[in-house]
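Chemist: So the chains spell out like this:
Number of protein chains: 2
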Amino acid sequence: TFKGKHNERSAVFADLSRGEYLQVRDYMTSQKSLDISANAITKPSGNFLFLIDLSLPKKAEVLGYLDGDHPAPAREATAVVFFGTRGEIKEYVVGPLPNPTYHRDVTYEMYNKTLPINARTVTIGEYVIMFKFLKDEVFTRLEKLMRESFNVSKDVTLNEFEGMPRGVRSGDRHTWVSFFRDMSGMYIHPVGLEVLLDHSSTNASQWNVTKLHYNGQYFNSVDALKKGYEDGTIKKIVYKRIDNYASLKPKRKPTGLSPQQFYAQGKRYSVKDNHVMYLDWSFAFGLSSLTGMRAFDVRFKGERILYELSVQEAMSVYGSVTPGMMLTKFLDSSIGIGRFAHELVRGVDCPYSATYIDTNRYIDTGAPHRFRNSMCIFEHNTGRPLRRHFSDFFHNNYGGMVNSALVLRTITAIGNYDYLWDFIFYQSGSVEAKVHATGYISSSFMMEGNLKYGHQVAENTIGNIHTHFINFKVDLDVRGINNVFQTKDMKYVNVSLPWMSGHHAMIPQLVEAQLKTEKEAALRYNTKTPRYLHIASNQTNKWGHQRSYRIQVVSFTGDHLPESEPEERSMSWARYKVAVTKHKDSEKTSSSLYNQNDMWHPAVDFSKYIEDNENIENQDLVAWITTGFLHIPHAEDIPNTVTVGNGGGVILRPHNYFDEDPSVNSPDAVFISPG
Amino acid sequence: TFKGKHNERSAVFADLSRGEYLQVRDYMTSQKSLDISANAITKPSGNFLFLIDLSLPKKAEVLGYLDGDHPAPAREATAVVFFGTRGEIKEYVVGPLPNPTYHRDVTYEMYNKTLPINARTVTIGEYVIMFKFLKDEVFTRLEKLMRESFNVSKDVTLNEFEGMPRGVRSGDRHTWVSFFRDMSGMYIHPVGLEVLLDHSSTNASQWNVTKLHYNGQYFNSVDALKKGYEDGTIKKIVYKRIDNYASLKPKRKPTGLSPQQFYAQGKRYSVKDNHVMYLDWSFAFGLSSLTGMRAFDVRFKGERILYELSVQEAMSVYGSVTPGMMLTKFLDSSIGIGRFAHELVRGVDCPYSATYIDTNRYIDTGAPHRFRNSMCIFEHNTGRPLRRHFSDFFHNNYGGMVNSALVLRTITAIGNYDYLWDFIFYQSGSVEAKVHATGYISSSFMMEGNLKYGHQVAENTIGNIHTHFINFKVDLDVRGINNVFQTKDMKYVNVSLPWMSGHHAMIPQLVEAQLKTEKEAALRYNTKTPRYLHIASNQTNKWGHQRSYRIQVVSFTGDHLPESEPEERSMSWARYKVAVTKHKDSEKTSSSLYNQNDMWHPAVDFSKYIEDNENIENQDLVAWITTGFLHIPHAEDIPNTVTVGNGGGVILRPHNYFDEDPSVNSPDAVFISPG
Ligand SMILES: [Ca+2]
Ligand SMILES: [Ca+2]
Ligand SMILES: [Ca+2]
Ligand SMILES: [Ca+2]
Ligand SMILES: [Cu+2]
Ligand SMILES: [Cu+2]
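These protein sequence lines map, in sequence, to chains G and X. Note that the working numbering numbers the first sequence so that position 525 is 1254, with each residue one more than the last. Note that the working numbering numbers the second sequence so that position 196 is 925, with each residue one more than the last.
The set of hints was computed from the structure by calculation and includes no laboratory data. Treat the hints with care, since some could be wrong.
Since the list gives no way to pick out one identical chain from another, each pair is judged satisfied if it fits inside one copy or across any two copies.
Stated by the list, open to error - Below are the SDA-like pairs computed for lysine to any residue, each with C-alpha atoms no more than 20 Å apart in a straight line:
no., residue 1, residue 2
1, Lys956, Thr939
2, Lys978, Pro1396
3, Lys1257, Val1283
4, Lys1030, Arg981
5, Lys996, Tyr1081
6, Lys982, Gly995
7, Lys996, Gly1076
8, Lys861, Ser882
Being a predicted model, the structure only gives us computed values, none of them experimental.
Use the sequences and the hints to build the structure in full.
Modeler: Laid out in structure tokens, this is it:
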């Protein structure tokens, strides 16, 4: 039933294919001068091809191709290499695909600095060594304690969870590893043992345990803990069996099926490769291993509304009295958000009848991996009207239409948390980017002072207070790329009544302004900001008003880390509810792969995009949107946080963009009048 | 397939039946001493039985009946009589139903004052006279102008829309009537003529046109306008035919059907009379003609969570340069919110397969009216998980469940606007009250200075800036009626790192407080309020934390009318995002039927509930919640405002109420592990 022609030029935004990953890998590993390994468990001391991902072409080139008669930009990949031998990280652009002939070191061009090796993500190769190290140096040497306190044996082990950042200053790679029961849902099974591992050296023989924390007590070495335990001078934990309250196994047999949506007359959307068409909408989509889901070239009735809508970063700051968590500040894109987009479960993660899409990734493995059904697309009937009016004054009739919209979704399970990412395309011309959190909270062992940082949520388990901050990149192009940043709001003005002399009243007036520089346009949380924010064209609609899209942020954020903290610059985007900058190809993302492990000298400090305070009048504007929520865990976060109330997002709404609501043309409209 | 037993005692909350309305009407009109008419078009000079509605029994009596062995409280009705002959309004309680034997004047008991007759709502009886008056005194006398400017003829007329309040001080009944083209969707067809009608007297022969406004010019009398028009000294409007851009008729043939939800295995809820059961939920519901939808005795797993959840008021303040709208402040419950709950359209207003419920009302008519299918109940699969986790670290499995929830809905079309009211019951123990706005905006004729108050949205039509404020009553009873009002939030605290002497970090801590008096607990908009608000019991859950429900408000409100304005006290609830008061049977509602027409001495001034600053520790608490949004109309509000982004609400969430998420027991849970 679907009509319309897909835009094959959307291929410029397509994620790399399995074949392309292999070609880039093989090209890079065959460069003798680089001496790179693609072995999935390359040691930190080796040179490891960590990541291959699409290198997005320059916007001007893409627009020339999409809108003009320019040739397609070269198809290129980004390759990230961890050079253990040289103590540095390099980013290369490799091209042209499918048969690469060149690679170019773009590290400095991208970050204006060199990237020290310890800014790298911990690889599987490094984890293999870490886990063995902990087994040999901690578990084995503390055999009696591990057995008596935690029931550790040949058959029973504990699982690890790391705090981040790994230290307090640049170059540090000192990780507090906390231990959890080896049960499904381990994140809410802390046992009260934490170990500070110095793995700064790429040579694992130089690694050390420099501190331990057991049942609230600190020790300077494994031997000190062992001695204290054995001579009975310390407070011991005595193992106690416990049921797995973290289990997600159903406790009741199914007694019925929730209502199901079905397409009674076929799907009204079409997906071809990375291009989607749905009623008046069309867009390209992709999934970056690092930043996650994204859409490009979003058009309504053929007109581009957005050049890019993408997830940028998910950040959390934790509070605790336990060392593993007290400094913890997670920056998920440094581990990879899209990396953890796994298979979606039909009927739970997306409706049964959704279209499921496979993605391919190359990150921290020796080969590309296919993730089956890791994105989904479906039309969803929200069960409420998009608009309606019933009239029985003077005229008797009814008109309305149901709110049925297209959803593009992925769910990323980054360790304990699962983030649900939705881009929703409404028939009224609005696009919504929404995030919900679910999965397991992070937790810490119950000990003195820890109730200042959260509530007890299970046996000896504290659910720690933390923030969720999420950043989206919203590159609206409203009637072309030259736009302005408009604000609108209300104020009460004292007005005298023209028909009643001497009588005054306070009457709401419209207040409009235009923010002209990047610093004016960086709207901080905790300041009063205008209620309506618009990316506008100087072109006007039929009624003489500037055509615009309004940015409506839905947010429940907590407090952002004080700027005095040395880690803050790695997450400086979270200062702003909305920050509008001049588009630059060199300012692709608000965070980076390297921000987590060198928070103190981050490869990307978003606030620098604003520091040059460029003029943003009639420029290509990008809005960076922060949403999120404060999370004070409570018993109902066990076993999993629920999505209800735990999320945020942004709605992009046409505001004088059209001459009337475009949904008047929807085939879903209904009209009833007395016969 | 549904199991469970309905609670027949929910009948105490049931709206009056057709038979009960008739019995109350007949009883009241047969009281010779009262001399009341039930004639639907009783003149203002007569004594009119305006309203009959359920009189809610006292809470203590209801609880004694529901929870103890007390007898059912007497079933009683409220009857409102407009005594034109005596110049006052009276409220009576009439009982016992079904065979009334007594009526009691409760006016003073309810409002601590007498109610002047001009505080009354304009009745159909008064409108009939008003419309005739305008026809005779304006249309007929201005025949030439009406024809040339507006094409008015024997066959073509104009429609009226009123500004409110009707004047500037107590006793005033001076209404600016604006005229609109006689087209469907008239609200966005202003023609540029407004008339100030003094209808203060209950004797219509004393009514006057005291001012007119035509094409931006004021006149002191019909004659003055007529003279000016005829001698050509004024700026004229020349009639021009225009297509009806307000039409809701579909412009395209249907080309397919949006996805539909169906119950593959039967409904999982049951409705009997006014009682609903759904999985672990049960509640009673009703629809007040004045305040609208409400739920009572909301229980989860048999425990009462809410005694009452109800819509209270919908208020809007407008800005304009035109006289009809410049003072406009609508208080919808004075016209009747529930009054306008009309038939819901299957497949648009609610899903096809929803359960539709008839309601009966007696308001401003001589007889009860049945409104077919005016409420709906359905289970809705939101198309996203309520919770889920995918694990491939250490343990490989998946657990989750879809978010399928019960929705109770009504839609009220109060003149131009349609409000969509949803109460949603989630399997995680949360209840959400949500409102969305749709329907027509109010508009005014394009004239000099009017662009300060809005945007042009159609030919000669300004969509005027206005606020939407909505108030809900939330009477949570958390483990009984004795509760406290708790707040939680975060703060950064400078902490020294125990394992690294001399090193400090800012770490988020939990901040808890209890607000002990009504004034402390009145949380104003535009002040920093704690992020988590809880109605809590002193009983603790398994982990030692006070059992509570959290109140999470979702709101995009504009600025509330300054308190210096004399009309503000009639809407003083809108000062507060959340205000918690001690429950009183005498403080049933935050507004009243009489607030609109005597804004200056409102029958209910909500701020007085707080003024006595009662202690709220271990008391029966009621939270009054305000949500809403600032509306700056734009072209896309034509023909109708869309629901996307235009709403607000409140989520009531268990927070340490349970020992774990109750959805772990849902039959919808899914678990997958490697085979
Ligand atoms: Ca800049
Ligand atoms: Ca742009
Ligand atoms: Ca009080
Ligand atoms: Ca209560
Ligand atoms: Cu969280
Ligand atoms: Cu509005």
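Chemist: Against each hint, give a clear statement of whether it holds in the structure.
Modeler: Checked hints:
1. In this assembly of identical chains, the alpha carbons of Lys956 and Thr939 lie at most 20 Å apart only when taken from the same copy (16 Å versus 98 Å across copies).
2. Taking the shortest Cα distances, Lys978 and Pro1396 sit within 20 Å of each other only across copies (11 Å), while inside one copy they are farther apart (43 Å).
3. Within a single copy, Lys1257 and Val1283 get their C-alpha atoms as close as 15 Å, and across copies as close as 17 Å, so both meet the 20 Å cut-off.
4. For a Cα distance limit of 20 Å, the shortest separation of Lys1030 from Arg981 across copies, 15 Å, qualifies, whereas the shortest one inside one copy, 48 Å, does not.
5. For the homomeric pair Lys996 and Tyr1081, the shortest alpha-carbon distances inside one copy (13 Å) and between copies (19 Å) are both at most 20 Å.
6. Taking the closest pair of Cα atoms, Lys982 and Gly995 come within 20 Å of each other only across two copies (17 Å); inside a single copy the shortest separation is 33 Å, beyond that limit.
7. Taking the closest pair of Cα atoms, Lys996 and Gly1076 come within 20 Å of each other both inside a single copy (17 Å) and across two copies (18 Å).
8. Taking the shortest alpha-carbon separations for Lys861 and Ser882, only the intra-copy value of 15 Å comes in at or below 20 Å, while the best inter-copy value is 94 Å.
Checked against the numbered hints given earlier, this structure breaks none of them.
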